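*Asks:* In case you want the letters, here they are:
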Amino acid sequence: MTGVAQAVQNRRSILRAVATIAAAAGVYQALAMSGVFAPALLPKLQTILSTLIAMLADGTMVRHAAYTLYRVLFGFALATAVGIPLGIVMARFKWVENFFLPLVSALMPIPSFSLVPLFMLWFGIGNLTTILIVFYASTFPMLFNTWTGVRAVNPLWLRAAGCMGADERKLFWKVIIPGASPFIITGMRQAFLRSWIAVVGAEMIAASDWGLGWVIFDAKEFLQADVMMASLVMIGAIGFVFERLVFGSLERLTVLRWGMVRLAKG
Amino acid sequence: MVPIEIREVTLIYDTPDGKVPGVKDVSFNVDASEFVCIVGPSGCGKSTLLNIIAGFLTPATGEIRIGGKPVSGRGMDRGVVFQDFAQLFPWRTALGNVSFGLEMKGVPKAERERIAREQLRLVKLEKFTSAYPHHLSGGMQQRVAIARALAYNPAILLMDEPFAALDALTRDDMQRLLADVWQKTRKTVIYVTHNVAEAVYLADRVIVMTPHPGTVKTEIRIPLSRPRDPLSAEFIEWQKTLLRELGQDENRSTGIGYEPTT
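As given, the protein sequences belong to chains E and R, one line each in that order.
The opening residue of the first sequence carries number 1 in my numbering; numbering runs sequentially from there.
The opening residue of the second sequence carries number 1001 in my numbering; numbering runs sequentially from there.
Looking at chain E on its own, in the form it has when it is part of the complex:
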């Protein structure tokens, strides 16, 4: 694709995203202005926006977001560091799979949120508990997708690489990881999403003073629906940026470029 065509397509894709969000905001604004709900409970867009700007300007929102992002990224990194290798080893060695799979099946359905009180008893309030909750929530999608991805690696690639003298370690880095990459990237996306869900929940009870989850929970004490909404906008914006820019770019640079996944037609 030429640079110009790429630029046009990028602009179109941004325009489409803006149109979708503008339509949703319009519906919200109509509802807020209809007077059916009290303005304190359903603030108008301009109120939310001015609260958001004020909180960004005095630095509190940035600090809340930074705390949350730190917990998300730390927990997500741990989940990646554990989930990817364990998923690969489970798919490669039957006895590892036999050992871990029942454990995974039993732990996975436990909502991360239900562990928050227990983790608070063990680790107190603050970063450690929230990071561990994020880690717990995001490890399973990472692990499961990697495990599936490695089992879906074309056996011909392994045969061909084996013929060419690849040992187990080289197979791991040069064939299995790239071969399973469409699944691994999907795993990272799902894990990141779960991280956000988990962190907000964990921060509501197990954080103090800082964090987007904490600020939402705290705002209910003062009937500050606008603060809640502004924080939600922040969460949505950060999630959007990560999904589109970080994971979108990762996909474009790897599996899309390699033809291992394709764009939707039209």
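Rather than coming from a laboratory, the hints here were simulated on the basis of the structure.
Since we're looking at a predicted model, the values are computed, not measured.
Be aware that a few hints might be false.
Cβ-Cβ distance ranges computed for the label pairs, FRET-style [what the hints assert, rightly or not]:
no., chain 1, residue 1, chain 2, residue 2, range
1, R, 1086, E, 102, 29 to 39 Å
2, R, 1184, E, 16, 51 to 61 Å
3, R, 1111, E, 96, 30 to 40 Å
4, R, 1131, E, 109, 38 to 48 Å
5, E, 257, R, 1076, 24 to 34 Å
6, E, 62, R, 1111, 43 to 53 Å
7, E, 173, R, 1012, 32 to 42 Å
8, E, 264, R, 1110, 34 to 44 Å
9, R, 1086, E, 237, 35 to 45 Å
10, E, 257, R, 1043, 33 to 43 Å
11, E, 124, R, 1076, 56 to 66 Å
12, R, 1019, E, 240, 53 to 63 Å
13, R, 1184, E, 257, 52 to 62 Å
We put the CB at the ideal spot given by N, CA and C, even for glycine.
Knowing the structure of chain E, use the given hints to seat chain R on it.
*Replies:* Quick look at chain R alone, frame taken from chain E:
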């Protein structure tokens, strides 16, 4: 290059219906730099035999000797080309695929890229070194696979119906190219096919196998000079001879380009 001896090789498949012999008491020799085709109907164990020689399967009895030494398992003395286009690594360019074996051997980057470029030139893909497999046609992908199998310089090339999934015109081109590559590199080649015309075009000698259980029925030497003309009378005579051996004689087909369905 290196001769291959196949000595009384038997392999038994364990199936839900009991033990089924895949190949039984198969013995033949391949001379150094000889091009041998294994021909037979589907289910005759020709691919199984190739997989045994490649080291993917272990025979129940018998042995494979390469250059006089018995071998077990895979080895870099053998390059393998499969039928499926998907054998290439989609995350590597043509050059990256071809240099894989050299990378495993620990050849420095500049050196392995030089060799890989040379191999791609041999299969006439020098313009496509930086293309990813999904941008290449089926015929081009199979050429990359051949270049990849040749790049780390194995003495033996094992090919399992590499052109069976290509259209007829491309297949003719590929056969010419392979005959050319073989004459330049002088590898010992074992080539599995169910296409009689392909065997007569490529082989010094054809091993005819019959199924249930897979055994060698006969060996036929093709004494035609190269390059061979597939439209000449003697070429067609050799095709008829092979078809007779396969039990597909004239009253069942015209003989030209006949392919038993798989």
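*Asks:* Can you list which hints this structure breaks, lowest number first?
*Replies:* As far as the earlier hints go, only 13 is violated by this structure.
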